[in-house]
Each structure stands twice: as structure tokens, then as C-alpha cells.
Amino acid sequence: MKLFPIRGGIHPQYRKELTGDCAIEALPLPNRLYIPLQQHIGVPAEVLVSEGDLVSKGQVIARRQGPVSVNQHAPTSGRVAAVTEIPAPHPSGLPQPTIVIEPDGADTWGTLAEPITDPFAVDAQTIEARVAECGIVGMGGAGFPSAVKLNLGIRHRIETLLINGAECEPYLTCDDRVMREHADEVIDGARIMAHALHAPKIVVAIEENKPQALAIMTAAAQAHTNMEVVAVPAKYPMGSERHLTLAITGRETPARKLTADLGVVVHNVATARAVHHAVRHGRPLVARVVTVSGQAMRTPKNVEAPIGATVSDLIAFCGGFAQRPERLVQGGPMMGALLPGTDVPVVKSTSGILALTAEEINDRPADPCVRCGSCVAICACGLVPVEIAAHVRHDDLEGAARLGLMDCVSCGSCSWVCPSHIPLVHYFNYAKGALNAQERERRKSERTKTLVEARAARVERIAAQRAANLARKPKAAVGAEEVGA
Amino acid sequence: MIGEPATPSGPFAHTANTVQRTMFMVLLALTPATLFNLYLFGWPAILLFAVTVGACVVAEAACLVLAGKPVSATLSDGSAILTGWLLAMTLPPWAPWWIGVLGAMFAIPLAKHAFGGLGQNLFNPAMVARVALLVSFPVVMTAWVAPHPLFTTGSPTLNEAMTITFAGETPDGVTAATALGYVKTELSRGIPVSESLQEYGRSSALTYAPDLMDLATGFKPGSLGETSAGLILLGGIFLLWRRVITWHIPVMMIGTLFVMGTLFNAFDPTRFAPGFFHILSGSAILGAFFIATDYVTSPVTQKGQLVFGFGVGLLTWVIRTFAGYPEGMAFAVLLMNSLTPIIDQYTRPRMFGRTRKGEPLPVEGQR
Ligand code: SF4
Ligand code: SF4
Numbered sequence: 000m001k002l003f004p005i006r007g008g009i010h011p012q013y014r015k016e017l018t019g020d021c022a023i024e025a026l027p028l029p030n031r032l033y034i035p036l037q038q039h040i041g042v043p044a045e046v047l048v049s050e051g052d053l054v055s056k057g058q059v060i061a062r063r064q065g066p067v068s069v070n071q072h073a074p075t076s077g078r079v080a081a082v083t084e085i086p087a088p089h090p091s092g093l094p095q096p097t098i099v100i101e102p103d104g105a106d107t108w109g110t111l112a113e114p115i116t117d118p119f120a121v122d123a124q125t126i127e128a129r130v131a132e133c134g135i136v137g138m139g140g141a142g143f144p145s146a147v148k149l150n151l152g153i154r155h156r157i158e159t160l161l162i163n164g165a166e167c168e169p170y171l172t173c174d175d176r177v178m179r180e181h182a183d184e185v186i187d188g189a190r191i192m193a194h195a196l197h198a199p200k201i202v203v204a205i206e207e208n209k210p211q212a213l214a215i216m217t218a219a220a221q222a223h224t225n226m227e228v229v230a231v232p233a234k235y236p237m238g239s240e241r242h243l244t245l246a247i248t249g250r251e252t253p254a255r256k257l258t259a260d261l262g263v264v265v266h267n268v269a270t271a272r273a274v275h276h277a278v279r280h281g282r283p284l285v286a287r288v289v290t291v292s293g294q295a296m297r298t299p300k301n302v303e304a305p306i307g308a309t310v311s312d313l314i315a316f317c318g319g320f321a322q323r324p325e326r327l328v329q330g331g332p333m334m335g336a337l338l339p340g341t342d343v344p345v346v347k348s349t350s351g352i353l354a355l356t357a358e359e360i361n362d363r364p365a366d367p368c369v370r371c372g373s374c375v376a377i378c379a380c381g382l383v384p385v386e387i388a389a390h391v392r393h394d395d396l397e398g399a400a401r402l403g404l405m406d407c408v409s410c411g412s413c414s415w416v417c418p419s420h421i422p423l424v425h426y427f428n429y430a431k432g433a434l435n436a437q438e439r440e441r442r443k444s445e446r447t448k449t450l451v452e453a454r455a456a457r458v459e460r461i462a463a464q465r466a467a468n469l470a471r472k473p474k475a476a477v478g479a480e481e482v483g484a
Numbered sequence: 000m001i002g003e004p005a006t007p008s009g010p011f012a013h014t015a016n017t018v019q020r021t022m023f024m025v026l027l028a029l030t031p032a033t034l035f036n037l038y039l040f041g042w043p044a045i046l047l048f049a050v051t052v053g054a055c056v057v058a059e060a061a062c063l064v065l066a067g068k069p070v071s072a073t074l075s076d077g078s079a080i081l082t083g084w085l086l087a088m089t090l091p092p093w094a095p096w097w098i099g100v101l102g103a104m105f106a107i108p109l110a111k112h113a114f115g116g117l118g119q120n121l122f123n124p125a126m127v128a129r130v131a132l133l134v135s136f137p138v139v140m141t142a143w144v145a146p147h148p149l150f151t152t153g154s155p156t157l158n159e160a161m162t163i164t165f166a167g168e169t170p171d172g173v174t175a176a177t178a179l180g181y182v183k184t185e186l187s188r189g190i191p192v193s194e195s196l197q198e199y200g201r202s203s204a205l206t207y208a209p210d211l212m213d214l215a216t217g218f219k220p221g222s223l224g225e226t227s228a229g230l231i232l233l234g235g236i237f238l239l240w241r242r243v244i245t246w247h248i249p250v251m252m253i254g255t256l257f258v259m260g261t262l263f264n265a266f267d268p269t270r271f272a273p274g275f276f277h278i279l280s281g282s283a284i285l286g287a288f289f290i291a292t293d294y295v296t297s298p299v300t301q302k303g304q305l306v307f308g309f310g311v312g313l314l315t316w317v318i319r320t321f322a323g324y325p326e327g328m329a330f331a332v333l334l335m336n337s338l339t340p341i342i343d344q345y346t347r348p349r350m351f352g353r354t355r356k357g358e359p360l361p362v363e364g365q366r
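So the protein lines, in turn, are chains A and B.
The first sequence: position 340 = 339 (numbering that gives the first Met the number 0), numbered continuously.
The second sequence: position 64 = 63 (numbering that gives the first Met the number 0), numbered continuously.
Okay, chain A solo, but in the shape it has when bound (with noise of 0.2 Å):
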């Protein structure tokens, strides 16, 4: 397959290779999981279960509330231990509401939805219900319910589900293990999403320096004449929706649209495979594999870890610490996060657990900004970080948002490819969040305005009516009139 090149881009140090070759090992059971109630885009929950109650694996515990929001489920059987708040897996560590459940330790599934022996018979509604219902979202990272996303083909002709098996964060194997140890769940789920989209055409793009994976899906999807699984360079943000869509269609994703405008969905492999054992077993989404890595970690792992558990339990199930970490990140290092600490739960998007040495970040203070250009020349978005930032840095967010600041993904290159360290991604993330402020609050004021104008319309209207009343009725009638009115 032809692909076309993307601009800029980096070459991070992988690391891949401490957990590339570590099968997926299934966590036991912790003593307690903590189910938080919003792990996503959009609206919390809403709690079904009150302390006390026995619940099974698989259950229902909090249903979702509007589109935009996702099925919490018991990862296993056992009690509601509490309903309550704990911090959330966020930098901020603000508490939030959660579910905390103590296992039994049976482990026994509920009464599970049946499962649609022939999904290609049934059509789409049926497929996205069952997706929405097992509480599946998008599982490379930014959460967003994945029943969204299949909507798509209603009000869009899709003509290709791109399958995103880029992984180009850096540490993360997590989807490189799935697509070696589970490459026919994986296209028996791209497939029953590829009929729900009423796409024809399946791309499963994967990043050259995973050859094994490459090699497995290749052999998988052999039986499919309408799936290709394509190697895209080993290049960072190569698994960015827009970026992908480009390199395998060569078309770019206008700015402000989707990239189902241009008839492309993009799944993630593990959301694939959360699609097929909620289609073909009525299983709901209530483990995910977690790639525990960096080089503070004593024995680095793959680890399938039901919801809930905590960032200690993984980190314990691997060896504790070989040293004190600098810095323990969710997620990839590139877009990561910080975690507040290893008291919070994993959560449906939760792709990796990091701890990391200072000798791996390499972070330094700040030096003045060179104009070495290289930040320029690396952005995917072709953007000019340094001319943003200096924009940002004089408080000129309508400059900073002139050059394209609501356009760039945050994918964190700018800041990686610095010599003088500039935390210049820093800056664009306080931008962007002061600019959406701003936003916010003139909408607010808009809705203000017009319901003043509208009303003040409103008073107007009325008194010239009263007046052309008066101008037309008899003196005398204009007593009543008022009592009237």
C-alpha cells in the first residue's frame, strides 16, 4: 500500500523493548477496586448499587447519563464496600465520586447480555446499543465513549475503519501484546465495528518497529478480503487520528472537522477487542491490559488489570521499585500525566503506568530560547511553537490563538526536541485552558445579552402596543384596560 508522508515528527528513545517481550500477565485479584464514576469525556454516572449490596462480574453498578457518558461495571463479584470519594487518577488529585468494591473472591460473572452469534445479520443500532450498554471507550488514551464513534456511519459515509495499532508513545506495548496474543479477537471486532459503520474497507495500521504484531495481524486478516494491515514508520505522533488518516489516505483532515468528514473512523486494536467480547460474549468492559514500565520499576510488565485496581497494586505485582522514581506517569510519556500518587484506580484508559528515572526524562532548567528552529521544523501541525510561545509568554493569547494554538494536538514533540528545554507545551495547555475560559465566559455573557435584549425587545413591544391601544381606544376605556393588563 502506497502511504504518504506526514511533516515533522520525532525519534524518542523507544524503551519498548523493557516490556516488548513480556507476555500479559493477569493481575490477581486486589483486596479492593475503586470504579470511579466519570473515567472519560462527558457525564458521570449515575450509582446504581448502595453499600452492602452483593453485586457479580459484569454488573451494572452505574448507569451512563446521556450519550456522552459510559456503563460503569463490577470488574468481579463481591460487596459494595462504600460509596464514596477518593482522589482521581488526574494531576489534579481531586477526590470524585467511586464505587468501591470488595471482591469475594469467586469471581463470578452476572447474567451477562446474549451474545449475537452473527453480528453481520443484525444492523448497526443493534451493534452501538450493545457497545454503549458494555460500557466500551476508546482505549489508546483519551476516553471517549466508543458507541460515539460508531454512530459515525449514520450521518457520514465511511468508507474506511482505520484500525490504530500505531502505538507511538514510547514504553507502552500494552497494544503490541493484544495484537501478538489476540489478533483474531481483535479483527472479529474491527470487523462487527467496520458493519456498523457500514465502512467496506479496513486498515489496521501498524508502526514498523513492532514486526511480530505486523507479522501476526498480517496472518489474521489474511481470511479478509477487505482488511489491510499496513506498516507505517516508527515515527512520534504517527498514531495521532489525523496524522494516521493522512499517511494511509493522503488526505488531510480540515481544521475544525472530523476525520469521518473525509469518510475515515479510527479505532484503537484494544477497543477492537472490547468490541468483540461485548458482540460475541455480551462481556462488558471490565479489564484492560496496562503496560507497567520504566526503568525505576524492578520488573517491568504487561499486566490485564480489572478496573479499579490501584496504581500500588500494579506496581507491587511487578516488583515494587528498583529505585525512587522522579516522576509516575499515566499513559505515555509524550501526553501522559502526572499521577498524584499510587492510591488511585486504573481506569478504562489508563495505557500505561511509568516510573521513571530523572536519568530518563532528562529534564533540565530552562536556558533562553536559541532559535534553533528545530521545534518549527518537527511539528506535525506546521506550526511555529517558539513564535506561540513567545506570544503566550507576552500574555497575547489572541496572537498565540492567530498562529494556530487551538490546532496543535499537544503531542508534546516541541517540547521533547528542545536544546534549551523550553517547557513550551506547558504554555500551550495554559493557553488553550485560558482561552476555553474565555470562551466560556463570553457565551455566558452572550446568552446574558440576549436574554436582556430579548426581554428589554419584550418591554418595548408591549408599551408601544399600550401606547397605539391608547392612541385608538376612548379615554375612558384606558382605566380598565390597565386593570387588565
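Just so you know, the hints here were simulated from the structure itself, not pulled from any lab data.
Note that the structure is a prediction, hence the values are computed from the model and not measured.
Note that CB positions come from ideal geometry on N, CA and C, so glycine has one too.
There is no bait here: all hints are sound.
Simulated DEER-style distance windows between Cβ atoms:
#	chain 1	residue 1	chain 2	residue 2	range
1	A	Asp395	B	Thr354	16 to 26 Å
2	A	Asp395	B	Ser337	20 to 30 Å
3	B	Leu338	A	Ala433	28 to 38 Å
4	B	Phe136	A	Leu434	49 to 59 Å
5	B	Gly115	A	Asp395	16 to 26 Å
6	B	Ala60	A	Val67	52 to 62 Å
7	B	Ala265	A	Glu358	56 to 66 Å
8	A	Leu434	B	Lys68	24 to 34 Å
Here are the simulated lysine-lysine pairs, DSS-like style, with alpha carbons at most 27 Å apart:
#	chain 1	residue 1	chain 2	residue 2
9	A	Lys200	A	Lys256
10	B	Lys356	A	Lys256
11	A	Lys256	A	Lys443
12	A	Lys431	A	Lys443
13	A	Lys431	B	Lys356
14	B	Lys302	B	Lys356
With chain A held as given, fit chain B with the ligands onto it using these hints.
Chain B with the ligands alone, transformed into the frame defined by chain A:
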């Protein structure tokens, strides 16, 4: 809790590259050519080199103290050493000590710290110093000598060198014209370029064969950075290989200079020097790889770097050919430096998903 974050957002991985490492690479790339040329021009050149670099470092330290910035941390970035080094490479090797010191004064406090220090200056400090010296002291700044390699007869001893550098007494009969200067003077006397080029080899103090090899290897009068284009080119290729610089500026600059030289030489060889002569003489190669590529004063966009390199090449040729000075690289670099902000503004890359004008791309089928 683990490691209080200095910056809450990622990435949690960084390149091993630093400003310090970059400067070190550039100095390393300059070393072979510098050592060879210091050998060629002997003790006076070594003394001047030391004085110039030393003065730049002292000036930088003084400026940092005055500005209240951390001295040792900033000094260690090596940028002051590089400025001094590059300046020394464009001076007549037997010039008196005060040329180096004055040059440092122009370069560091004036051209760099008056603009706000590293990264803020509009003009290349070493070139500001060189041009300021050339305009102020045209005689001293054009007193070139023929090579007197160390340990050969005629090469000044350390003691003699002291008098040359610190007392400013250049012995009689050693000055010689640079190739560019000679051709220019002869042309002004009505001697065609084609003849003076041949004559040049015979007239130079060491009477080497008049071929381009001399220009490339360095056995000819000139500054440290003008002679031995070959070794400097080697350093430049090293920088390209180590990705300290990109090809855009050097290739465009040398290419433009070569094309202009070749075209006009074909048109009238009596008035215009050939392309090879242009790129191998003067500081064309030094300028292309080490001076025009200065990060701070050249554009950050790649297209801008192409424009910049083209401009420096073109202006160098124009000044060499039509203006009063035989060498125009420094002027050309400064002129283009002044255009850098504008070039950057007009050569921004196209943003992903947008047209050149910044509008979102049309969705296909909805045009
Ligand atoms: S990479 Fe850093 S030093 Fe280089 S231009 Fe960008 S911000 Fe400046
Ligand atoms: S973080 Fe933004 S500006 Fe920096 S390289 Fe990525 S897209 Fe470009």
C-alpha cells in the same frame, strides 16, 4: 508523594541535545581548520586568537554581572567562546591585540547584550564586530600576511610575535593581498580578472602554483577562516552529519554564489571571477556553514532559511563584484539578519488542515 513536579504537563522525555552541546559541536567542527591555520600563520596568530576569545569571555562575564544574571551557568553555554572564535577567524592573523579586544567590545556588549543577551540579538555579533572594525580601521583590517608556518624559516618566534601582536610592529615586506583583494585591485587598474587570477599565484609571497587547490588547502594570504576552505568544509559536513545545522542555508548560499559567479564569468571572463573562485576564496565556506547558520540571527522556518541563504549568497556576490570592498560576506550576513523577522513572518509553514491563508481546508465534495 513522588517528585514534586516542576512543570505539571509533559512530555516526560527529552532529547539529549542542549545548547551547550550544540555550541561544543560547532567549536569541535572549527578545531581542525583553526589548528591548521594557527600553524600556518604562527605565533602572532595564536596570540591574537587567544586575546580575542579571552576578551569575549571576559566581556560576556562582565555583561552578565551587570545584568544580574547567573554568570557561570550562562558562560558555560559556550556562546561567547564561539563568538570570539568566529571573530578571530575573520581578522588579519597578525593584527595587533587591541583589534581583538575592541572587536570583543563590539560583539558582546553592543551586538549581544544591548539586545537582551543570548537569543535576543538581531545581528550576528561576530559579524557586527568585524564590519565595525573594518569600517573604523580599514588599514589594519586589510593588512594581510602570507602564511609563515610555525617552525619554518621566516616564521616569527614567540618573542618576535609579542612585538607584532602587542606592540603592533609588523615587519616590512610580509604583507600580501588576499586573492579577492588582489583581483579587485588589479581590475580597478584595468587588468582583466582572467589575467590577474593567474598572476596572483606568482605574485604571492610563497609563489605557489596559481590553481584553486591553494585556495582550498590554505597556502595563501588571508584570515584564519578564509584560508583552507577544505578543512572548514569538512567541519561543515560534520555539523550537517551531527544535525547541528541543516542543509538549507549553506547549500542555498554556496549554490547562489556559484551560479552567479559561473553565469557572469561565462558572460564576461575579463570582468567577472568564475564560480569556483568565488566559493573557495574569502570566507564563503566559513560564512555558509558557521556564520550564516547562526541560529539566533537566521530564520526559524525552513523555507525562510532557503530565502536567507539565497540572499546571503546573492549579496555576497554583488558586494564582491560591484562594491568597494573585496569581501562581502559579513555585510551580506548583516543585511539578511535585518530581514530575518520579516522572512520568518512570510515563510510560516502551512498549518495542518488549513490553507496557506489559515482558512480550514474545504471538505471534499463540498467545495
Ligand atoms: S526548539 Fe527551543 S530553542 Fe529552538 S527555536 Fe524552538 S523554542 Fe527556541
Ligand atoms: S505540541 Fe503542538 S506545537 Fe508542539 S509539536 Fe505538537 S502539535 Fe506542534
